[in-house]
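Two chains, each in its own frame: build the complex with the hints.
One-letter residues, chain by chain:
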Amino acid sequence: MVEARELTKVFRDKKRGEIRAADAVSFRTEPGRIYGVLGANGAGKTTILRMLATLLQPTSGAASVAGFDVVREPERVRAQVGFLAASTALYGRLTARETIAYFGRLNGLSDAAIRERVARLAEELEMHEFLDRRCEKLSTGMKQKTSIARMLVHDPAVMIFDEPTLGLDVMTARAIVRFVRDCRARGKTVIYSTHIMSEVEKLCDTVGIVHRGKLLAEGAPAELRARWGENDLEEAFVKIVAADENEKGGAT
Amino acid sequence: MNRGSISTIYLKELKDSLRDRRTLISMIVIPTFVMPVLIFGVGKIMTKTFAKARAETPTVAVVGGAEPSAVAEQLRESGKFNVVEPGEDWRTAISDKRLRAAVEVPAGFEAGLREGRHGRVVIYHYEGELKSGLAAGELDKFFRELRERTVTERLEERALPATLVRPFDIVRENVAPPEKVGGNLFGGLVPYLIIILCFTGAMYPALDLTAGEKERGTMETLLCSPVARADIVLGKFLMVLTGSVGAMALSLVSLALTAAAAGMLLPGGVAEQGAGGSGGGLIPTIDPLGLLGVVAMVLPAAVFFSAVIFTIALFAKSYKEAQSYVAPMMIVVMMPAMVGMLPGIDLNLQLALVPILNLSLVCKEMLSGVWNWHYIALILGSTAAYAAGALALAVKMFKREGVIFRM
Chain A
1 MVEARELTKV FRDKKRGEIR AADAVSFRTE PGRIYGVLGA NGAGKTTILR
51 MLATLLQPTS GAASVAGFDV VREPERVRAQ VGFLAASTAL YGRLTARETI
101 AYFGRLNGLS DAAIRERVAR LAEELEMHEF LDRRCEKLST GMKQKTSIAR
151 MLVHDPAVMI FDEPTLGLDV MTARAIVRFV RDCRARGKTV IYSTHIMSEV
201 EKLCDTVGIV HRGKLLAEGA PAELRARWGE NDLEEAFVKI VAADENEKGG
251 AT
Chain B
1 MNRGSISTIY LKELKDSLRD RRTLISMIVI PTFVMPVLIF GVGKIMTKTF
51 AKARAETPTV AVVGGAEPSA VAEQLRESGK FNVVEPGEDW RTAISDKRLR
101 AAVEVPAGFE AGLREGRHGR VVIYHYEGEL KSGLAAGELD KFFRELRERT
151 VTERLEERAL PATLVRPFDI VRENVAPPEK VGGNLFGGLV PYLIIILCFT
201 GAMYPALDLT AGEKERGTME TLLCSPVARA DIVLGKFLMV LTGSVGAMAL
251 SLVSLALTAA AAGMLLPGGV AEQGAGGSGG GLIPTIDPLG LLGVVAMVLP
301 AAVFFSAVIF TIALFAKSYK EAQSYVAPMM IVVMMPAMVG MLPGIDLNLQ
351 LALVPILNLS LVCKEMLSGV WNWHYIALIL GSTAAYAAGA LALAVKMFKR
401 EGVIFRM
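Heads up: the sequence lines are chains A and B, in that order.
The opening residue of the first sequence carries number 1 in the numbering used here; numbering runs sequentially from there.
The opening residue of the second sequence carries number 1 in the numbering used here; numbering runs sequentially from there.
In isolation and in its complexed conformation, chain B is listed as follows (with noise of 0.2 Å):
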């Protein structure tokens, strides 16, 4: 091995890469700029949306009953609603968004309270419809109102006490500190992030560094130099890894940036809502120490898809050719870590051993604060040994004429 044979390729793939507008854009466009579109983007779409839904009057009608006429009066009275006549066809209206939701009373439900009878209350609404959910959780929210107002008149003209019906009341406290909160709120989703990013940075200096340059001519003057097949797979291979940590490291310092610039600008909008109004920010509620343990760990993954990126491009003998191998991996390397987003998926011995998944599972704990160290070493381990394994097969590839003039 000739470290300076190595850092001669490293740095002319780095400076060549820097000049090519695809690499740039894989490399520091994207991983710089994904975290704050997804953050102030997505996250200002999501509450401008909730709150233009929960601004709007919702339209309801009241059916079904022979004189519904009181409750269409209270449900008037309270402002909240913009009731309207139901028409024939109100099903068809709340299907096109025409009737937010309506709601069914049975004949004499009025005289039924009064008198003591049970009666029966249905809403019908548009599920998975925002505005539609919105205006059936009002209806349903005015008549629990009413059920607890009936319960507390009919408890009152008996003498009997309210704790008869209610006798005791059942609260909710979070005890976990905001950064756990955070950590199992977006513990999935930060380190999914992550290694979705760490492989489109390695994916196109791989597909350019190997198919690019076969396809190019440039591969065969480079194998003309004296320089051992070996190096010159670690000077490329060093480049792919570039792209991916840098890609990675990019895409933390945006996170950090947009978590400042996300508290100063969205106080009280996406960020209380994110976390489940415990107090907390969503981004500065992410343990830092955390955060730096996803970092630790990535790395040997980083390498671990550089070098898996690198040899099946290797194989191909055009950019076009490398891209239809690579791109089907991203689904490969999307499915782990998604399931790894899901929750009441804990890691196991199994588990530990499934690249991605593993990864995935282990920085979601770390990010709540909870630091398996067994787990930890393990993952640590078998991802360098996936890492060192691929990195061997590429130098193997390399070396085979089939491979490298593969026509």
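Isolated chain A (complex conformation) (with noise of 0.2 Å):
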């Protein structure tokens, strides 16, 4: 279960001021369910994430994942998120196998383990015939499966995805996307960040609608078509965006 109580994130910046990258952000989501994180370039999806992997603290607010406080306890946190996001690259000079077993190890798990797991991941990712292979001579569908075994290896109980399948070609963003369906089935708990709607409507059980910083909106996909009087998601999208941004207008 992951949830976020008023998650708030302010970047100070020497030329632009005080950025409110995340601004009182509330959701919650359970196992089993996919949760999207719809937003324009630079609405603060990435942000959002961070901090519920721990990798950013909020500047107030509080966030629980599994049942660990994302401030007081941001390693057992982590112990129990799985983060795939295109800023977490692998390294180019160890092996597919080398780089599972790696952070397999980072999560303390045992040698006997480690082997079972990464026997059992290449099997699943049908990794064989390039897991011995070093990082960097991959293709990118390859560093892709890579990148999910080493999200997977130490079976997390929620899964962070951030645009994975930014700058991906069609087959291997579907092949990412049925990935993230299987999570949902095998109880997972998913947060799924993207800008593509046609992404939202295939995966997502609900979606939250960020724009600079703030959650507009929440609800099944369908829901919130209908909310809008919309039968394309994208057209509720903008008319929720621009319903803020005159809001905005009229408060200036």
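Just so you know, these hints were derived from the structure itself, not from any lab.
Glycine residues also receive a C-beta, built at the ideal position from the N, C-alpha and C atoms.
Treat the hints loosely; a few may be bogus.
Said to hold, decoys possible - Straight line, CA to CA, 25 Å or less: simulated DMTMM-like cross-link-like pairs of lysine to aspartate or glutamate:
1) A/K214 - A/D182
2) B/K15 - A/D111
3) B/K15 - A/E129
4) B/K44 - B/E56
As the list claims (entries may be wrong) - If we take Cβ atoms under 8 Å as the criterion, some of the chain A residues that face chain B in the derived model are:
5) F27
6) T88
7) L90
8) Y102
9) N107
10) L109
11) W228
12) G229
This is the structure:
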């Protein structure tokens, strides 16, 4: 289970002043469900997910992941989380097998458990062909599979995906989407951020629309479409964001 | 602190680094080959150049006097000079290295010598030019001998003893053992090389493990693991330290092997000239105990370097940016290490607290067989304190989001 309560992150920039990358964001999601974080580039999606993965500390507010507090128990939180983003790359000079084993060890797994997990993940993700090849020599699809194996090695309860299909070809992106569905089927709590509407429609049980760090609307994709009188989620998204912009314009 | 996590990170970084060509060059190739190249290469070139210059019969000219032919003839007869006609532009000829040196002999010089008058001989040469210097030296020697002979003749004419103008002789004898002589001659150079190699050995892994990881996007992957930030820093830092100490160890092994080889291959070459003809060799005169002391003193400095470079490189968002921060530090390290090599600068209480310079000075003393325990303790303590401070700062910086996620 993941719960964010009034989660806020403020960055201070010399030129731009104070930036509220996440502004009192609250949501909750359960095991066996996919929660989508939908927003344009720069909306604050990555900041929210990084706070949940304890890579960043919230300025205010709180969050718990699998029952652990992100501020007080960051290491325990990370032990329960698998985090995959475009910015989480692989060590080029390690092989796929060494990469999985390394992160297994960092997660406290024994050598025997690591061997067993590597074998199982290689089987599930069809990695045998390139398991002993250096990551720098792998294709994008192979790298993505290795990254997935890396995030799964400790069998985390919570999976956080930050725009995982960014820059991938159609086939690799489809494989990722399929894999995220599998995670839900296995009872994982999944948080999935994207700006691609079709992925949200295909995957998410609940979606939160983020704009300028604020969570503007939340609900099932069908529910959001109905609420805004649109057949297309993209149109509903545009209306939600425009309403917020108008509100801001009126206030100033 | 989790030792398991630290060692997992350290071993991974070690494996990763040993697979990287750039790290191998800075950690293994440079320290292993710098010593032989410096000693064999530079030493051999110096010996050869000097020997070649000595073998040449210098071309000189006699200028100035109306009747210099007698002196020119004596110079020719000595067989040590190739005496030529000076020509109008003999000064330019020296500058252009066509003529090595010229000697101005006043008119009536020969007659003046016979009649007991005082004369003046001027030698013209190209300052700083080796062959011209050697030619001037030979000319100087020739005229000194001529002066000696003239004095002897004049004394004999007057039936006076030679001791009248030479009442006593001055003899200099070295009493320092060869290792002390070697320590004095090379005591500055060896710690200087070790300090520089320690720094360069730490430099590449430090840049690669911080800014390099940020640039490649692997830092965020690592931060997602449940390992404490301090443990990540310690694991990475140990790798940087390995680079630094590894470079030092390899350079010392290389130094020892080179010393052994130099003793065999350069008998009477650079070896004897280097030791000032004291009978010892260039490298074998270094006291092994002093060298051991240098290693012990440099170890905390390696920790200090590793932590400082690590912290500075951490601020950069790319490898290139990190290089631009760390490269100028090389000069900061080199300057005090070089000052330590200068003769006449001795350790005192103030200098004992100046990082790097204190190390350079105390190492020089230890290699010369001087063991000033108060200063050794003070320098060891202060370097260890600087190292601990730098390491604490590295951990603190690693925990700052603004540093780790600087984009």
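Results of checking the hints against the structure:
1. A threshold of 25 Å between alpha carbons decides the hint, and for A/K214 with A/D182 the separation of about 30 Å lies outside it, so the pair is violated.
2. Taken as a hint, the B/K15 and A/D111 pair is honoured in the structure, with Cα atoms around 18 Å apart against an allowance of 25 Å.
3. Distance hint between B/K15 and A/E129 is fulfilled; the C-alpha atoms sit about 23 Å from each other, no more than 25 Å.
4. At roughly 18 Å between alpha-carbon atoms, B/K44 and B/E56 fall within 25 Å of each other, so this suggested pair holds.
5. The beta carbon of A/F27 comes no nearer than 21 Å to any beta carbon in chain B, farther than 8 Å, and the hint placing it at the interface is violated.
6. The beta carbon of A/T88 is positioned within 8 Å of a beta carbon in chain B (closest approach about 4 Å), and the interface hint is therefore held.
7. The interface hint given for A/L90 is met, as the beta carbon of that residue sits about 7 Å from the closest beta carbon of chain B, less than 8 Å.
8. Of the supplied interface hints, the one on A/Y102 holds, with its beta-carbon coming within about 5 Å of a beta-carbon of chain B, less than 8 Å.
9. Because the smallest distance between the Cβ of A/N107 and any Cβ of chain B comes to about 6 Å, under 8 Å, the interface hint for this residue holds.
10. Checking A/L109 against chain B by beta carbon gives a least distance of about 11 Å; that is not within 8 Å, so the hint is violated.
11. Checking A/W228 against chain B: minimum C-beta separation of about 34 Å lies over 8 Å; hint violated.
12. Because the beta carbon of A/G229 sits about 39 Å from the nearest beta carbon in chain B, more than 8 Å, this interface hint is broken.
When held up to the earlier numbered hints, the structure conflicts with 1, 5, 10, 11, 12 and fits the remainder.
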